[in-house]
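Q: Quick note, the sequences are listed as chains A, B and C, same order.
Residue numbering for the first sequence follows the numbering used here, beginning at 1 and increasing consecutively.
Residue numbering for the second sequence follows the numbering used here, beginning at 1 and increasing consecutively.
Residue numbering for the third sequence follows the numbering used here, beginning at 1 and increasing consecutively.
FYI, nobody ran anything at the bench for these hints, they're computed from the structure.
Just so you know, these numbers come straight off a predicted model, no measurement behind them.
Treat the hints with care, as some may be off.
No distinction is drawn between identical chains; accordingly, a pair holds when it is met within one copy or between any pair of copies.
Unchecked claim - Taking lysine to any residue and the SDA-like style, the derived pairs with C-alpha atoms no more than 20 Å apart in a straight line are:
| id | residue 1 | residue 2 |
| --- | --- | --- |
| 1 | K232 | S324 |
| 2 | K297 | L313 |
| 3 | K232 | E282 |
| 4 | K5 | G29 |
| 5 | K81 | G302 |
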Amino acid sequence: MQRMKHTAKELAEYLEAVVEGDSRAVISGIAGPERARESDLIYADSPKNEERASKSAARCVLALPAVQLAGKTIIRVPQPKLAFAKAADWLLTDKTRPRAEIHPTAIIAASAELAAEISVGPYVVIEEDVEVGRATRIEPFCFLGRGCVVGSDCWLHPRVTLYPGAQLGHRVEVHAGAVVGGDGFGYVFGEGRHWKFPQIGGVTIGDDVEIGCNTAIDRGSLEDTYVAEGVKIDNLVQVAHNVQIGEHSVIAAQTGISGSTVLGNRVSVGGQAGIGDHCRIEDDANIGGQAGVVVGKTVRRGQVVWGTPARSLQRFKEQYAWLSRLPELAERVSVLEKSQSDAK
Amino acid sequence: MQRMKHTAKELAEYLEAVVEGDSRAVISGIAGPERARESDLIYADSPKNEERASKSAARCVLALPAVQLAGKTIIRVPQPKLAFAKAADWLLTDKTRPRAEIHPTAIIAASAELAAEISVGPYVVIEEDVEVGRATRIEPFCFLGRGCVVGSDCWLHPRVTLYPGAQLGHRVEVHAGAVVGGDGFGYVFGEGRHWKFPQIGGVTIGDDVEIGCNTAIDRGSLEDTYVAEGVKIDNLVQVAHNVQIGEHSVIAAQTGISGSTVLGNRVSVGGQAGIGDHCRIEDDANIGGQAGVVVGKTVRRGQVVWGTPARSLQRFKEQYAWLSRLPELAERVSVLEKSQSDAK
Amino acid sequence: MQRMKHTAKELAEYLEAVVEGDSRAVISGIAGPERARESDLIYADSPKNEERASKSAARCVLALPAVQLAGKTIIRVPQPKLAFAKAADWLLTDKTRPRAEIHPTAIIAASAELAAEISVGPYVVIEEDVEVGRATRIEPFCFLGRGCVVGSDCWLHPRVTLYPGAQLGHRVEVHAGAVVGGDGFGYVFGEGRHWKFPQIGGVTIGDDVEIGCNTAIDRGSLEDTYVAEGVKIDNLVQVAHNVQIGEHSVIAAQTGISGSTVLGNRVSVGGQAGIGDHCRIEDDANIGGQAGVVVGKTVRRGQVVWGTPARSLQRFKEQYAWLSRLPELAERVSVLEKSQSDAK
Numbered sequence: 001m002q003r004m005k006h007t008a009k010e011l012a013e014y015l016e017a018v019v020e021g022d023s024r025a026v027i028s029g030i031a032g033p034e035r036a037r038e039s040d041l042i043y044a045d046s047p048k049n050e051e052r053a054s055k056s057a058a059r060c061v062l063a064l065p066a067v068q069l070a071g072k073t074i075i076r077v078p079q080p081k082l083a084f085a086k087a088a089d090w091l092l093t094d095k096t097r098p099r100a101e102i103h104p105t106a107i108i109a110a111s112a113e114l115a116a117e118i119s120v121g122p123y124v125v126i127e128e129d130v131e132v133g134r135a136t137r138i139e140p141f142c143f144l145g146r147g148c149v150v151g152s153d154c155w156l157h158p159r160v161t162l163y164p165g166a167q168l169g170h171r172v173e174v175h176a177g178a179v180v181g182g183d184g185f186g187y188v189f190g191e192g193r194h195w196k197f198p199q200i201g202g203v204t205i206g207d208d209v210e211i212g213c214n215t216a217i218d219r220g221s222l223e224d225t226y227v228a229e230g231v232k233i234d235n236l237v238q239v240a241h242n243v244q245i246g247e248h249s250v251i252a253a254q255t256g257i258s259g260s261t262v263l264g265n266r267v268s269v270g271g272q273a274g275i276g277d278h279c280r281i282e283d284d285a286n287i288g289g290q291a292g293v294v295v296g297k298t299v300r301r302g303q304v305v306w307g308t309p310a311r312s313l314q315r316f317k318e319q320y321a322w323l324s325r326l327p328e329l330a331e332r333v334s335v336l337e338k339s340q341s342d343a344k
Numbered sequence: 001m002q003r004m005k006h007t008a009k010e011l012a013e014y015l016e017a018v019v020e021g022d023s024r025a026v027i028s029g030i031a032g033p034e035r036a037r038e039s040d041l042i043y044a045d046s047p048k049n050e051e052r053a054s055k056s057a058a059r060c061v062l063a064l065p066a067v068q069l070a071g072k073t074i075i076r077v078p079q080p081k082l083a084f085a086k087a088a089d090w091l092l093t094d095k096t097r098p099r100a101e102i103h104p105t106a107i108i109a110a111s112a113e114l115a116a117e118i119s120v121g122p123y124v125v126i127e128e129d130v131e132v133g134r135a136t137r138i139e140p141f142c143f144l145g146r147g148c149v150v151g152s153d154c155w156l157h158p159r160v161t162l163y164p165g166a167q168l169g170h171r172v173e174v175h176a177g178a179v180v181g182g183d184g185f186g187y188v189f190g191e192g193r194h195w196k197f198p199q200i201g202g203v204t205i206g207d208d209v210e211i212g213c214n215t216a217i218d219r220g221s222l223e224d225t226y227v228a229e230g231v232k233i234d235n236l237v238q239v240a241h242n243v244q245i246g247e248h249s250v251i252a253a254q255t256g257i258s259g260s261t262v263l264g265n266r267v268s269v270g271g272q273a274g275i276g277d278h279c280r281i282e283d284d285a286n287i288g289g290q291a292g293v294v295v296g297k298t299v300r301r302g303q304v305v306w307g308t309p310a311r312s313l314q315r316f317k318e319q320y321a322w323l324s325r326l327p328e329l330a331e332r333v334s335v336l337e338k339s340q341s342d343a344k
Numbered sequence: 001m002q003r004m005k006h007t008a009k010e011l012a013e014y015l016e017a018v019v020e021g022d023s024r025a026v027i028s029g030i031a032g033p034e035r036a037r038e039s040d041l042i043y044a045d046s047p048k049n050e051e052r053a054s055k056s057a058a059r060c061v062l063a064l065p066a067v068q069l070a071g072k073t074i075i076r077v078p079q080p081k082l083a084f085a086k087a088a089d090w091l092l093t094d095k096t097r098p099r100a101e102i103h104p105t106a107i108i109a110a111s112a113e114l115a116a117e118i119s120v121g122p123y124v125v126i127e128e129d130v131e132v133g134r135a136t137r138i139e140p141f142c143f144l145g146r147g148c149v150v151g152s153d154c155w156l157h158p159r160v161t162l163y164p165g166a167q168l169g170h171r172v173e174v175h176a177g178a179v180v181g182g183d184g185f186g187y188v189f190g191e192g193r194h195w196k197f198p199q200i201g202g203v204t205i206g207d208d209v210e211i212g213c214n215t216a217i218d219r220g221s222l223e224d225t226y227v228a229e230g231v232k233i234d235n236l237v238q239v240a241h242n243v244q245i246g247e248h249s250v251i252a253a254q255t256g257i258s259g260s261t262v263l264g265n266r267v268s269v270g271g272q273a274g275i276g277d278h279c280r281i282e283d284d285a286n287i288g289g290q291a292g293v294v295v296g297k298t299v300r301r302g303q304v305v306w307g308t309p310a311r312s313l314q315r316f317k318e319q320y321a322w323l324s325r326l327p328e329l330a331e332r333v334s335v336l337e338k339s340q341s342d343a344k
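With the sequences and hints as input, model every part of the structure.
A: Put into structure tokens, the structure is as follows:
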């Protein structure tokens with residue numbers, strides 16, 4: 001992996017932190033403590049990780065003030081894991097950037113507009129009137145349908161499919177096999193068959209969104225589907241037509257969000273959760289893994305819900321505790337009955 | 001979007017409906033009320049939508065007799081949403097039909113038989129003995145394995161994969177990333193390892209079926225997998241080996257149907273439902289979202305089931321209501337105990 | 001389907017079994033009883049299947065000692081279904097093996113090392129420093145990222161994507177659309193946004209693993225993701241970063257396994273199950289379909305769990321039985337109350 005080399009001092013400046021030890025120590029990568037080489041950066045976010053960090057070959061450690069590490073160069077930060085993620089972003093930015101070139105097998109319509117420094121891999125198909133921004137990277141077998149707009153510094157991994165008209169912001173990363181802009185699932189039954197309700201709306205993905213492998217985000221039916229800035233979506237997620245997802249929300253793997261549902265900002269959704277159509281999930285709500293939010297339901301700001309049908313975590317726990325104690329309750333009722341019967 | 005232009009009169013004739021207002025008004029597309037231009041058709045299916053329709057720039061409206069819209073050309077229909085879907089089908093049929101041509105990069109075996117008016121995009125692979133019917137459209141990166149049969153007027157979106165021998169009827173639409181005919185999941189454990197049970201059956205998809213993005217429909221093991229006419233399958237659905245799905249059934253996203261299960265006609269399955277193997281789901285049954293139908297179970301004709309294990313919706317609601325009232329019931333038992341104890 | 005022809009005697013020797021009847025009978029394929037031709041092998045694993053087997057055109061039957069079949073050549077085995085799977089493996093090994101050739105449209109980096117007898121289909125992309133073992137088959141649209149290692153006798157179906165550095169053992173079969181080595185889903189929230197936690201670990205798939213259509217197996221974050229020898233994974237499964245799956249475990253469709261969870265050997269996971277992160281599922285445990293194992297939980301060796309939150313099957317059944325009887329219990333409490341009230 002090609003990396004930029006930096007010193008502990010430079011990294012500390014970037015992180016606005018203080019260095020203890022050799023500030024000229026070179027940092028060229030990141031790693032877990034056991035795998036780190038001398039020039040890799042590691043982190044220790046609790047005193048119980050002191051030993052792992054101490055034994056590591058890494059010279060530089062991001063650490064809490066409380067953590068003691070003899071012989072290491074320590075960059076003191078209040079949130080070592082956060083600092084580590086930021087450092088990784090800073091150190092590895094250019095790690096796999098390919099040469100800016102268009103592979104000769106890419107088929108690009110004459111009317112497509114590609115900005116500078118774009119990399120297009122083998123066997124990519126870009127249709128008419130597509131626009132792609134600066135320094136975006138498009139890997140093999142990607143399909144950009146007619147009229148798509150992709151911002152700058154995006155990364156489309158192999159065989160990403162954008163249906164015609166899909167719009168992506170800047171710094172969007174889409175993983176292999178994801179589909180953006182497929183038809184929504186809507187029919188009207190009549191005369192013994194299903195008639196497809198028109199699926200002609202748009203789909204817009206904001207800046208800094210990441211979309212996982214084989215995830216499907218449908219276009220709107222008559223309106224648009226909208227995923228706001230900073231949203232992170234895991235693998236195999238389903239986002240239906242007309243859904244709106246607010247800024248910095250996080251959706252774990254295999255979750256399904258049904259049509260016209262609106263998620264606020266910083267909503268967190270666990271894996272395999274299902275959210276019915278026309279729900280409203282307010283800002284900072286937290287939907288537990290496998291929870292099922294029934295059609296049309298509102299989950300209030302900051303609420304944590306669990307189970308199917310989804311209810312507050314507190315209530316879920318209470319109900320589950322009572323369910324576990326049912327045999328005991330039934331036994332108590334039997335005792336009462338016997339005692340009453342004896343009394344007669 | 002290129003569209004055919006029609007008049008209100010022509011559309012009314014197609015819908016067997018009556019026009020009120022200017023029957024020569026031109027209709028060239030469809031839209032939601034807020035986005036419609038003058039020549040777009042909209043619909044108003046309840047009096048509460050009167051205002052949205054009234055304010056729309058659209059001249060022509062499909063509306064119930066009860067809906068009043070001054071200044072509009074109204075086509076009176078009993079089911080405006082159905083009429084709208086039918087109108088969309090009629091108006092937009094040619095909307096994105098590409099030129100009937102075979103892209104020079106498509107690799108097509110000499111023994112494949114392609115009917116007239118077929119469109120084959122770049123980087124398509126069609127193996128030996130494949131047959132494709134008239135006016136079918138095959139987008140980039142599709143793979144049609146040896147011996148596949150695809151009917152006429154089908155639409156395979158980018159990178160649809162048909163394993164060898166898969167059979168599709170007419171007017172089948174398959175969305176990006178879907179796989180038809182993958183091996184079923186069956187093994188026999190012996191001698192410390194899993195031996196693959198042969199997965200050599202067929203898979204047949206009937207006319208007018210639609211299959212969503214990244215959905216997987218496996219071939220049969222020794223028998224066939226069968227999806228009947230008019231079935232609609234959403235994104236990320238799993239259909240296992242030997243499953244049979246009856247006519248006009250609808251399967252929402254991320255549902256899984258296990259091996260050898262049989263669904264009747266017009267069955268409706270909500271999102272993320274799981275149906276165990278060897279189940280029988282009779283005609284017109286309705287399986288709720290996230291429901292889990294246990295192995296070998298029969299769901300009766302027209303029955304609505306919910307929960308895991310799936311039971312009737314009525315019973316699910318009762319049980320859930322009781323679960324919610326358990327703390328109160330326990331309190332009543334405590335009162336009885338105290339009162340009996342006092343009485344002694 | 002091209003098949004090797006064998007005699008009943010040869011098959012019996014391979015299976016270490018005894019032939020009754022014409023040991024020179026030719027076997028050239030396998031089938032279900034109803035579809036079998038004379039030279040197809042069938043099996044009868046219980047007396048109730050005697051009639052199906054008797055009526056079959058097949059001459060040779062794998063059967064239990066108890067099964068009587070006049071006029072057939074019978075190979076007596078204690079586990080007919082297992083013997084059938086083994087026979088299929090033996091008879092059909094060469095069934096669809098293509099010619100060992102590299103299609104001229106495959107784009108293969110000069111530094112890639114391909115062993116002998118490899119078949120590479122059209123429009124495959126193999127990047128720098130990839131190694132592929134003997135007789136491996138790579139179908140159209142597969143992508144093997146930089147530095148991948150694929151063993152011998154593997155079969156990558158169309159459009160399998162291996163992210164850079166993914167490692168596959170020998171005899172691994174990966175179905176269409178599966179992705180191995182995508183980035184794990186990990187972020188650290190700070191300064192109002194999500195910072196991506198580095199996802200730079202590896203992913204290793206052991207020998208004899210099968211991976212279903214559109215399944216996603218992520219690479220590790222700082223450590224590795226590991227799928228051991230003989231594991232079978234169905235379609236649309238999610239395996240998150242740092243997960244370890246032990247030998248011969250079986251994971252049914254649409255299951256999700258969250259980060260850093262460890263599964264032992266011979267674990268069986270039903271469809272749509274969800275396993276939270278940092279769980280430990282010990283050897284031979286059995287996770288029911290749609291079960292939800294909560295974060296950090298241990299499932300003991302051989303334990304069978306069901307429901308969300310997952311509990312022992314026995315306990316799940318008890319609780320569910322009590323839930324069903326709640327209305328009756330409440331009625332008994334009402335009777336007690338009335339009787340006590342009358343007594344006053």
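Q: Classify it for me, K81 with G302: is the Cα-Cα distance of at most 20 Å met within a copy, between copies, both or neither?
A: neither (24 Å within a copy, 37 Å between copies)
Q: Give the relationship of K232 and S324 under a CA distance limit of 20 Å: within one copy only, between copies only, both, or neither.
A: neither (37 Å within a copy, 35 Å between copies)
Q: When Cα atoms must be at most 20 Å apart, do K297 and L313 count as within-copy, between-copy, both, or neither?
A: This pair counts as both: shortest intra-copy Cα distance 16 Å, inter-copy 18 Å.
Q: Using 20 Å as the alpha carbon limit, work out where K5 and G29 are close: within a copy, between copies, both or neither.
A: within (8 Å within a copy, 58 Å between copies)
Q: Under a CA distance limit of 20 Å, which applies to K232 and E282: within one copy, between copies, both, or neither?
A: within (17 Å within a copy, 32 Å between copies)
Hints 1 and 5 from the earlier list are contradicted by this structure; the remaining hints agree with it.
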